[in-house]
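Spelled out from the first residue to the last, the chains are:
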Amino acid sequence: MNPVLAADITLPHINYGAIAPILILLGMACVGVLAEAFLPRTLRYPVQVLVSLVAQVAGLATIIGLALSNYAKKPTLTAGDALAVDGPGLFLQGAVLVLGIVATLLIAERSVERGGAFVAQAAVTAGSEADAEQARRQPSQTEIFPLSLFALGGMMLFVSANDLLTMFVALEVFSLPLYLMCALARRRRLLSQEAAVKYFLLGAFSSAFFVYGIAMLYGFAGSVKFHDIAVAAISSGKSDLLMFIGLAMLAIGLLFKAAAVPFHVWTPDVYQGAPTPVTALMASCTKVAAFGGILRIFYVAFLDSRWDWRPVIGVIAVLTMVIGAILAVTQTDIKRLLAYSSIANAGYVLTGVLAMQKDGISSSLFYLVTYGFTVLAAFGLVTLVRDQDGEATHLSRWAGLGRKAPVLAGVFTFLMLSFAGIPLTSGFTGKFAVFSAALGGGQTTLVIFGVLSSVLLAFPYLRVVVLMYLQEPAADAPTVAVPGALTSAALAIGAIVTLLLGVWPSVLLDVANSAAQFVG
Amino acid sequence: MTLAEQVQYQSATGALSSVWLLIAIPLASAAVLLLLGRKADRWGHILGCASIGASFVLGLWYFFTLRGLGHKAVSLDLFNFIQVGRFKVDWGILYDPLSATFVLLITGVGFLIHVYAVGYMKEDPGRRRFFGYFNLFASAMLLLVLGNSFLMTFIGWEGVGLASYLLISWYQDRPAAATAGKKAFLMNRVGDAAFLVAMFLMFANLGSTDFATVFNGVGALPHGVTLAMALLLLAGACGKSGQFPLQAWLPDAMEGPTPVSALIHAATMVTAGVYLIARSNPIFDATSLGQTIVVAVGAFTLLLGCVIGCAKDDIKRVLAYSTVSQIGYMFLAVGLGGGAYALGILHLLAHGFFKAGLFLGAGSVMHGMKDQTDLRRFGGLWRYMPVTWATVGLGYLAIIGIPPLSGFFSKDPIIDAAFARGGWQGWVFGLAALLGAGLTAFYMTRLFVLTFHGKKRWTDDIEHPHESPGVMKLPMILLAVGSVAAGGLLVYGGFTTWLEPVFGTTEVPGHEPNRAMMIGISLAVVLVGVAIAWLLFRRGTALVEQPARSPIVRAARENLYGDVFNETVFELPGKLLTRAAVFFDGKGIDGIVTGLAAIVGGSSSRLRRLQTGFVRSYALTILGGALVVVAALMAVKLG
Amino acid sequence: MSIAPYVPIAGLLVLGALFALFSCTIAPLVGPKRFNKAKLEAYECGIEPAPVPAGRFPIRFYLTAMLFIVFDIEIIFLYPWAVSFDMLGTFGFVEMLLFIVTVFIAYAYVWRRGGLDWD
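Protein chains in written order, with my numbering: chain A, 1 to 520; chain B, 1 to 639; chain C, 1 to 119.
One chain only, chain A, in its complex shape (with noise of 0.2 Å):
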């Protein structure tokens, strides 16, 4: 027998209930497959909403059981070291989930748009024969659904990921869905497809970019476990340029996820292409996921590096911060003026991170949850404002909207409120902890390059406000469609978080800090 195949093969051990959640979610995600195959028309939306809500509650459920009984205190690996079930992983799931349930509310919406965002085959010309065909027969899209289960069983895989492969194959896994995703939108087709065609082609650009660090690290330290890279850190012989440059393109795959600067090109078109939903899931959730794997690979792989690499992400940091406030003043579509402030958003987190200690970490974990909520609630009133073209996202069709529609722009305020850091709102306490834990971290500059930028973004915030409130509205004004059950619900969700983080954040900081330690 070849000598190869005669190695002995240790069999990993697999602990199932550690990964229920998402073992929860990618069955539920098939199982949604199988009923797009099998049921009629007419039974697959109301199964879909309910396999979707049913897979996320439960695996939320499950999560809060993990992280009750002590797997956040006492952190495993398993599945051959592939996954690390640790506090931090169990609330970037649980982050990932929540946000989630509130973006599928927003997704299952019908009320507003006749048959939902979402058209059933976005490759008919919209207003043709075939597409008027298409409405009567097929009113909307169901795969949506299973498509959002497995991008969130995806997310959730990463978030946990052990090893860079299976992190990697996690990425693909969250990547694919969300391609297909953007390409949905039954209004604005085209527009639709060139963001998804984007977003195909620079995300797989940028899995180039992981691939080839993953090949790096692996011939830095001859593995792709993160522990194996942290010892080989310390104690290889091996000229350490190779880690570095691992590690660099590493971290442009995932900041390109995260919409970092100068890997955030793709992120107004593709925000302003997709369906708003669709946006707002991947404004919250993919952003959650994208700085779990961050936060992951920063502390466990390259703790001990980090005086070396530090400045470099921090300089990243400061230009998203900067880049996208800046670029976000002169925006003139509210989607993309919202795509610009999750930039420098990102930039926000990117600095929480950088405190490379205990309260880094926490203080990410708690903003990431305060951005995803106020950001949901935010494109959730975006798909409100509408005209006969669909949505109305030129800002100058905002204008006198306070008079037109009183209580959507009263929220909307808030939200930008809250986006600009005003107390009172989650938005400023999670921007306190970030900047408070930076500091703690020694990265004054960072800080300071963060609070100017706030100033900054401020501006296009209220101009919004202004636009709103002072101006006369246009004759033909857009109207605000009343918002069917599920988006009031998704709206009073995230506006509802967005103040009770505001005065009340330790009920969720507290949380954030006892799950702020990784397993290594």
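For the record, the hints were derived by calculation from the structure and aren't laboratory data. All values reported here derive from a predicted model rather than from experimental measurement. Think of the CB as a built atom: it goes at the ideal place given N, C-alpha and C, for glycine as much as any other residue. You can trust all of the hints, since none of them are fake.
Pairwise CB distance ranges, derived in the manner of DEER restraints:
#: 1; chain 1: C; residue 1: Thr102; chain 2: A; residue 2: Arg114; range: 31 to 37 Å
#: 2; chain 1: B; residue 1: Gly601; chain 2: C; residue 2: Ala20; range: 49 to 55 Å
#: 3; chain 1: A; residue 1: Pro12; chain 2: C; residue 2: Ala27; range: 56 to 62 Å
#: 4; chain 1: A; residue 1: Pro12; chain 2: C; residue 2: Asp72; range: 23 to 29 Å
#: 5; chain 1: C; residue 1: Phe85; chain 2: A; residue 2: Ser69; range: 34 to 40 Å
#: 6; chain 1: A; residue 1: Asp333; chain 2: C; residue 2: Phe35; range: 53 to 59 Å
#: 7; chain 1: C; residue 1: Thr102; chain 2: A; residue 2: Phe432; range: 44 to 50 Å
Based on the hints, put chains B and C in the right spot on chain A.
Showing chains B and C alone in chain A's frame:
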């Protein structure tokens, strides 16, 4: 009171523990009247009068309770108002002979004027609101005199300022009234600011504004601080009481309805400055320079008021300048210190009666003459308005100090006390007070004669002037009785002894041996003034304004250039300062801000061009970024 | 880890690249250039050269190709599993079963939604 003595107030017990009701009743009534709106239109005036009447009855009860007490001063802590760290302010009330006196004046005269206003404001659609403001004023004024700390007094002080502003500009559709309201408000702010700074000084040096704490601690302060405090309080008092240099608003305040002029701008609010100085007597006692300045302000203002009063043709303005002048007497008295404090308060009370009566009389005349206020357009009215004639006549005799009316008992001792100061000051201030008495006699005679005697000089639209209704006549009669009797009653009723716990002494400085001579001299001066006016005006006067032949007349007609003074000294530098600030703000600060914004906006639109929408250029950006990151990390490593 | 064993491979790569470069550059330079109509036409048979593709491929080809790849990869996984089946035992069997099931779920979806219908 010597400085070694500690000021300590007993806690209120029994009946006096409800002394806060005095403030609460008019306040509640004001709230009802202002919040209920038109629903209260039919019975609003009755509630307004009833509330102030109830306060008066309570005030009487408290007054007699206090008389029966040994310690003569009670304080009542109601609740904690502000507490930040060591900074603590309580809502508290101090009820002592001084407060009790003021309470009776405010509620008593206030009640009469409220009743008068029922008739006077009958035709005004906003009468209910008027009574709301009037009650608001009364409660604020009561808070002012009942507070147990400077801060409480200040809150009342601001409250009466607000009520005064609202009532001066009552006829909002008249630009003159609106302007007068604003003028009063602004000029009062100057005084209020000084009052505030005085309180800051107290906080900084003594840690509290409680009367007890401040008065006990003031002796230990350096003289500079005490003087500053005294002068700042004086400035505050000048603002509220229309004393030089902040006198210009008071005559303009006559744009308000006449009951307002009578109650707020003659009898009560404008005397708040006198109250403040009398109340702060330990502070003023501690600085003789400060006292001298108070006396000087009083003496100067009383002459100024007299001189301008001689030159005015508007009946209410003459009375307003008369008020300015009479308050000057009060300032003079409280500035003299010692027993003269009580004289000042005595004159204040007497003045409250006769000046309120005079104003109500003027209001009655206006009521009968279709709101005419020009003295040149009256004449011969005594036949048509006998009651008004009689009440105004008694007030007139009282103000010029004819014995045995009340002015005689209150003003002559002040003149006497001024002379008694001794040295050049005694001569200067004494002669000023004496001259003032003569001038007062002159312009008041002019007013009286031109209004009620001589030929009719009415405008053509008046056929038959009528006497006012009973609801207006009754208060006038009662006030006239007060004008006649108040002075004598107070003096022989032991008023100065009553105030002794507050001021510490009753000894009135004066030359006992020369007393009779002094009375003779001042009576002679008064009679000369009356005689000149009678000779000049018994035949009436020209219907149009005469050209001013001498500079003094010109100056007097121009209010002794008070407004010009304000314009050049305050307004012009203020305008220049504003312009400079606007310039600096516009070019400097805004320049920086807009410049920064332009930089951000410019770089934003430049950076936007990088966002081409082409995947190839995006990929290039990512690749470039990747190369830089890799290179940087390698540089960090290798370098 | 030494880099020495890889040197010949690198050498071969370089040689190959150099040869290709050499052939492509030298031929047009040294060869004679004589054109006529016959030379520019397709020789005797074949398709006439055309500036644009004659038509578009139906998307079905891509779909089929994609499906093929999915199952192709499945085979690639199956083969090594089959070879070391004895060592992997029940665990391996269950895991592989799960893997096949997931692929068949996808298959069922494609089949039910008409992905396998040519028309």
